[in-house]
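2 protein chains.
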Amino acid sequence: MEVAARERPGKPGVAPTLDQMDAVTIVDGHLIWQTRPDPEPAADELLVAVRSAGINGADLLQRRGFYPAPAGAPADIPGLEFAGEVVGTGSSVQRFQVGDRVMAVVAGGAQAELVAVPEQTVLPVPDTIGWEEAGGFAEVYSTAYDALFTQADLTAGERVLISGAAGGVGTAGVQIAHAAGAFVVASVRNADMHDSVRALGADEVIEPGEVANCGPYDVSLELVGAPGLTVALDALATGGRIVVIGIGGGANVELNLLAVMNKRARIGGSTLRSRPVGEKAEVARAVEAHVLPLLASGQIRVPVAATFPMEDATAGYERFSAGAKLGKVVLVNR
Amino acid sequence: MEVAARERPGKPGVAPTLDQMDAVTIVDGHLIWQTRPDPEPAADELLVAVRSAGINGADLLQRRGFYPAPAGAPADIPGLEFAGEVVGTGSSVQRFQVGDRVMAVVAGGAQAELVAVPEQTVLPVPDTIGWEEAGGFAEVYSTAYDALFTQADLTAGERVLISGAAGGVGTAGVQIAHAAGAFVVASVRNADMHDSVRALGADEVIEPGEVANCGPYDVSLELVGAPGLTVALDALATGGRIVVIGIGGGANVELNLLAVMNKRARIGGSTLRSRPVGEKAEVARAVEAHVLPLLASGQIRVPVAATFPMEDATAGYERFSAGAKLGKVVLVNR
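Which chain is which? The protein sequence lines are F and U, in order.
Heads up, our numbering is the position in the first sequence plus 455, with the first residue counted as 1.
Heads up, our numbering is the position in the second sequence plus 455, with the first residue counted as 1.
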């Protein structure tokens, strides 16, 4: 592959070392910033110097050993999304070239100085968007778009419940649902966040305990899991759709099939990480067509609650776990 | 409304009595054939002299008091489908006229000499189809078509599991899924029925205990409820869809949301009876466009396991409950 002459990211003046990078590495449940072999991009992949990489709930699960990386992804380098500059291109790469600003969802390995990524899953970073925002865009907007529109067929005028609306996926979901003409009911536990979520486009911001009384919902985006599902089904409109994309509150739920039948309900779930490259590419093209223009125009944004240097990933993960944040926690290479 | 000069159905030579008919009537859990007031059709309704009316599981539930008729339907006359001749038309009726052979799904009241039915929910009976088949067509084919195609998006080349495939909805589902190019796996408890179900177009006919080993299924049509759902989810393909349209085996099921997420599964359910007239009309138009041509051409049929005179409804219901039948039990006015 062609690799551009480059400096080590974040280390101006240090000559490029073509076979070693630093990366966040999971060692016995700890996050160690240590030297690792450079990723080796395949013919259809880009090598990207990572500028920023958002933290997601899945990273915390992976650190605790509960959510191993799928085959083909680095087993011990976390990170499902990043933004950065292309520094190398495989022989069959067509669209992007060295120097391009890109961002993507990957199956792992993004919290490092370098990442290899299949070209077809990559999105261009709009000129107006800085690295911090870009690094926290791909996973949450892809997840929210796929869940709300591809899985749940949300359309203008429908009433959508977004639970956990202050978080990364939640803030993304509120904004794109609002942009698409839906009536957004946002459930947010922390009252201090209510005004900020309203400012993102939520028509109503409620406490989790009020969900039952603010329906019926045509679509419910379930980020918490079992506890929310029963309530959401009770408050679902006829023909309503529930999409589960988080189970932090529990995975097993007792479901009443008669209620599902009577409401003609649809309950689905989704993860991005385990999908094959071709399907990730489909999601990327949908996001590029339907979400990226809104980001470029400023109609939606990535709220960044905090940033941490990549080598201080431990502090970033702690901030993520502490909650009471609007949007993303992003790690940056400086 | 205009009412044609007519004889009492099944009573040649008896002059029409314009305000009284006989009907199957639920009295303290018994089915009594007794005189009832004629139904009074609205401006957009047809008055139909019922020739035949299929029995469905919902009728048995209603007889036992578990499934009350929705508002607007006769509270104590069962029957969700029928075929017959138009004998009267409301003032705004446009498409059908007296003498036309029609069939439809209704919210109740079909097991009688006369039924009133909104014109827009009615299907014409193809010339090639006799009354017995026609009387058992509407509910099961509408249910199967709506579940497999409208709810579950079944397409050619997909593998579909149809549980309880020897029954009314099951035999309909096997035939239309086969006609649409799906690979049909039919689960049938009674081994004596396996050859007959294979002859309807099932590619594989299996015992219920074999379901787990014959996947993965892109679509699963669940006619039994809770016991089948867990097995179907385990054997579901990535992106697979389960549609629940029967809960005779239980309504409450413990659902693993992580499995739903990892498979990007969709679990839905549906009933026809409770839908408003406009939505029943949508289903009727879809069935007319996509299923009726197959019936008219002989590519699909309505297997009729047994017929009983309408006044012997009790015997018909007993036959329905006894199981070990291929297709429908139909009541006929003679």
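Careful, some of the hints might be misleading.
So these bits of chain U aren't anywhere near chain F, every CB distance computed over 12 Å [as the list claims (entries may be wrong)]:
id, residue
1, G527
2, E665
3, R696
4, E709
5, G723
6, G724
7, A741
Partial chain U-side listing against chain F, Cβ under 7 Å, derived [said to hold, decoys possible]:
id, residue
8, L515
9, L516
10, G520
11, T610
12, G680
13, V699
14, L710
15, N711
16, V715
17, R719
18, R721
19, T726
20, H745
21, L747
22, L749
Rough simulated footprint, nothing fancy, chain U against chain F, three-plus residues with beta-carbon under 8 Å [said to hold, decoys possible]:
id, stretch
23, 479-489
24, 589-595
25, 673-686
Simulated from the structure, these hints should not be mistaken for lab results.
Keep in mind that this is a model prediction, so the values were computed, not measured.
For every residue, glycine included, the Cβ atom is placed at its ideal position computed from N, Cα and C.
Results for each hint:
1. G527: 17 Å, holds
2. E665: E665/U is indeed farther than 12 Å from all Cβ atoms of chain F, at 23 Å.
3. R696: At roughly 9 Å from the nearest Cβ of chain F, R696/U sits no farther out than 12 Å, so the non-interface label is violated.
4. E709: E709/U is in fact no farther than 12 Å from some Cβ atom of chain F, at 6 Å.
5. G723: Nearest chain F Cβ is 4 Å from G723/U, so the label is violated.
6. G724: 4 Å, violated
7. A741: 15 Å, holds
8. L515: Violated: closest Cβ of chain F sits about 16 Å from L515/U, beyond 7 Å.
9. L516: Since the shortest Cβ distance to chain F is 11 Å, the answer is violated.
10. G520: 16 Å, violated
11. T610: Hint violated; T610/U Cβ to chain F Cβ min 17 Å, cut 7 Å.
12. G680: 6 Å, holds
13. V699: Holds, about 5 Å.
14. L710: Status holds, d = 4 Å.
15. N711: Holds, because the Cβ-Cβ distance from N711/U to chain F comes to roughly 6 Å (cut-off 7 Å).
16. V715: 4 Å, holds
17. R719: For R719/U, the interface hint holds, since the closest Cβ of chain F sits about 5 Å away, which is under 7 Å.
18. R721: Holds, because the Cβ-Cβ distance from R721/U to chain F comes to roughly 4 Å (cut-off 7 Å).
19. T726: Interface hint status for T726/U: holds (5 Å vs cutoff 7 Å).
20. H745: Because about 19 Å separates H745/U from the closest Cβ in chain F, which is outside the 7 Å limit, the hint is violated.
21. L747: 23 Å, violated
22. L749: 25 Å, violated
23. 479-489: violated (count 0)
24. 589-595: violated (count 0)
25. 673-686: holds (count 3)
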